[in-house]
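A.B. asks: Here the protein sequences come in this chain order: A, B and C. Per the numbering used here, the very first residue in the first sequence carries number 1; after that it's consecutive. Per the numbering used here, the very first residue in the second sequence carries number 1; after that it's consecutive. Per the numbering used here, the very first residue in the third sequence carries number 1; after that it's consecutive.
A hint or two may mislead.
[To be verified] Simulated crosslink set (DSS-like; lysine-lysine; CA at most 25 Å straight-line):
id, chain 1, residue 1, chain 2, residue 2
1, B, Lys274, B, Lys189
2, C, Lys68, B, Lys73
3, B, Lys192, B, Lys166
4, A, Lys253, B, Lys430
5, B, Lys195, B, Lys417
6, B, Lys165, B, Lys288
7, B, Lys430, B, Lys417
8, B, Lys73, B, Lys330
9, B, Lys65, B, Lys340
10, C, Lys62, B, Lys288
11, B, Lys425, A, Lys253
12, B, Lys192, B, Lys229
13, B, Lys252, B, Lys195
14, B, Lys345, B, Lys73
15, C, Lys62, B, Lys75
16, B, Lys127, B, Lys65
17, C, Lys68, B, Lys353
18, B, Lys425, C, Lys62
19, B, Lys56, C, Lys62
20, C, Lys68, B, Lys75
21, B, Lys56, B, Lys73
Hints are computed from structural coordinates only; laboratory data are not their basis. Just so you know, these numbers come straight off a predicted model, no measurement behind them.
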Amino acid sequence: MRQRLGRLRLTPKGLPYLLLLPALLLELLIHLVPMVVGIAMSFKQLTQFFIRDWSSAPWTGLGNYHLAVDFSAPVGQSLLNSFWVTCAFTILAVGLSWLVGTTAAIMMQDAFRGRGLLRAAFLLPYALPVYAAVITWSFMFQRDTGLVNHVLHDQLHLTSDRPFWLIGDNSFTALVVVSVWRSWPFAFLTLTAGLQNIPRELYEAAAMDGAGVWQQIRRITLPSLRPVNLVLVLVLFLWTFNDFNTPYVLFGKSAPEASDLISIHIYQSSFVTWNFGAGSAMSVLLLLFLLLVTSVYLFTTSRRRGADD
Amino acid sequence: MRINRLAAATAVVATLALTATACGGGSSTGGSGDNSSPKTLTYWASNQGTSLENDKQVLEPELRKFEQQTGIKVKLEVIPWSDLLNRILAATTSGQGPDVLNIGNTWSASLQATGALLSFDDATFGKIGGKDRFLPATIASAGAAGKDPAAVPLYSMAYGLYYNKKMFQAAGIERPPATWDELIADGQKLTKDGKYGIAVEGGNVSENVHHAFTLGKQHGADFFDASGKPAFDAPEAVAAIKQYVDLIAKDKIAAPGNAEYANNQTLTDFATGKVGMMMWQSAGANLKSHGMNPDDYGVAPVPVPAGASGTKLTSSMVAGINLAVFKNTKNLNGALDFVKFMTGKDEQIQLNKTYGSIPPVADAQGDAAFATPELQALSKVLGSSAQPLPQVANESQFETLVGTAVKNLLAAAAAGKPVTDESVKAELTKAQQQMPAN
Amino acid sequence: MINPPASFRWTRRIVLALLAVFTLVPVGVMVSSSLKPLQDVQGPFRWIPSTLTVRPYFDIWKTVPLGKYFINSIIVAGGATVCSVLIAILAAYGVSRYRFRGRRLFTVTVLSTQMFPGILFLLPLFLIFVNIGNSTGVALYGSRGGLILTYLTFSLPFSIWMLVGYFDSIPRDLDEAALVDGCGPVRALVQIIVPAAVPGIVAVAVYAFMTAWGEVLFASVMTNDETRTLAVGLQGYATLNDVYWNQVMAASLVVSVPVVAGFLLLQRYLVAGLTAGAVK
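Bound-form chain A, shown alone (with noise of 0.2 Å):
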């Protein structure tokens, strides 16, 4: 009788929405306000004389724009470096991430001896927690103690002097092999779940037909997977490029040029510099350009999906 009334109450019209309510209340309150006051902060003159009371701010309409996009200017130059270094780094990671954790999870497809074992090792990268996982990294980075250069130099005498990586040129590679380490074990995990999805029999019937590895590989695994690999690329991507933690426990508050992400460029912009107007408007040409590129993707994918179907 109670539930009757209580169904009566809640209309299936009225249901759903009520389901979704506190997701929706929660996101409006942590995300979605919050960036529309930060996208009103990027009209403002927003310097250290005028944080403590926004309202005095004098509105600057795209003074903030102009400046990270006059790119004849040092501010605008520096802000498109830090742009082209975040997306050659993005390329790079989420490919080398993708391609490593493809690679493992179809050689981990069959049971061997030792096999769980191994799969806990893959996950543990991903397990730990960022600054201490980055912070290990950043201490076998060390030119004079670090781990690498003793290997690299001391042992294997690959190099003829102890390279830098946390500062100078090498630090890009340096940031490159930490995104991988950290990131690829998410694709493979992503991935092993995906090649559950794959029927043995379809294996079979091309090993009937005379199928080798590398074919049955490129014939059923990699297709199979398509629709996996197109959401795990999206997130990898979106994950890498506003990836703070990672550049900011490696190489502190002042990134070297050749690993300026962009997250640490904006963080320095307004937090360091104290222009959060102008920090603002960078970040808001960062959502423009992530919203974009998301798009294009989805648009492309989904239209390509809809002819497979």
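Position chains B and C relative to chain A; hints supplied.
C.D. replies: Just chains B and C now, kept in the frame of chain A:
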């Protein structure tokens, strides 16, 4: 479709309402302080001791003394340096902050510009025992020139040249270098068998900018012109920074690896005898914790150019920690009482002794604890040849940009790339052009 | 794979061995450095400690109030996980089982929040929390509650999305039968869907917990001495004067143990949850 639009409209209205409240957030901090909450205070201390916990152990007994004297309970929070400026910034924007706080003295003018800190005018100084108690150089680093200070000095430090007596003796050097030419000559004598003449903390932006400033003064560079406009790439500044970078690049008396030092490896290298000299502030306590005996090293002023005079004799920036009061405190009298307590003679002796710093308060300096050769030398520097960093509102940007420029140059030098007047100037010009226009 | 030739098996051994080295070396460095005396970690690198010492493991609790941070992290990450999972279950149920206006808009909006750069909304969020505190007296800034709210929204989009996939894979007949039997929709959810979706829910919970456990940026601004979490607290070992690398490593290990252990115990669920949910 209609529902969508309605939902969208509602969301927009709700958003705007919230935005409005958010933007108005600062106004609550606009009012000046009062005494509506006279029994408690919140105090943010910076990390001065060997660890956060160590700071608490040092400060809490002192805070209890204050409570016994005044009945005011002080809630202490020790904040790591990595968070301090962000926390102050957050407190400034929201008005939710401590009553009294420590700030790096070089931040004084920047924070002063936000208007969040209480100005110490003569009347306010009167309440804490007068302005004359403090060393003039330390007061000069508590706010922009011509304005009432935004803070008062709490712990002071100065740079000195630390040298390893045994290594000097072994190399046949009789006294510490007084000029840069001597330093380079001595450094070259010390640089052999994997050891180096001097270590610099090249990956540390603040250290870099401190040395850039001191050397700049010695060359006659000010980094800001009289109207407060940045002048980073003046020829004098270029010469100063090139001289610093040349320690690695041309003179080769500092190890290339120094370019990435950012975790005080300089101290470790000095304490373990890997280098013969370093320019550092109040290193005594740390050297001791690394097992280096005070008799093993000497402290001299940082060298100056031969034949220099006037401000070209500057051998250090005025380093230290200032104590500031948030303007919107709910316990103004209590906060000032606390400032008076912390800058009083007894606490000054006690705390500076513990932290190995120099009291900025003249009458505390006479204590026997500060009569060590190290602190005597540094006190002398502080009293005679130390200059405050530019006290301008954009100081933190200056620190970041110039410090990073020097870091980049050192990195280039360490990687074997040539460092020329042109490359130094280009790096500094870039830094200058990134300074905000205001 | 059927009938892999010997060459494939050898390639596999070599590749997997190399990957294992790449993966495990940093962990090995963590362990060995945490057992070294301070001068070992400050001098040239060595694989084996000159003398084994467990002192760092005792010192870490004194240098930084790690115990307190531990409790904070457990409360914050645990709270965020529970709330995030509950809210995600409700939302996913709505999206999976009902067709309604704005359904697509909702999913797109929620997922797109993953794109927001944290820097952009850090300060505004902080201000909103402070304002809510000033006007309602609910202290969000500096409290664990505020951090729980923040973190749960970080994992919410991915959780909802994954659970929608998982719920979709549960035959509709099951809960429709329950509805016909007179169950309310909520009861159908609790009694039918949730038990059938345990692997997916566990996977989501693990993800939510890890997200909250490791976050640094927001925690550094939004916590104080009392509520500071482990991820931020770890920075306390690098003080103004010295970096205690051996303690940093020891503390990093100690901090990692709970998540890593939980993660490895639950990884089966994670794979199962992802299999049914996200990757379909």
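A.B. asks: Provide an ascending list of the numbers of those earlier hints which the structure does not satisfy.
C.D. replies: Numbers 12, 17, 18 - these are the hints that the structure violates, sorted from lowest upward.
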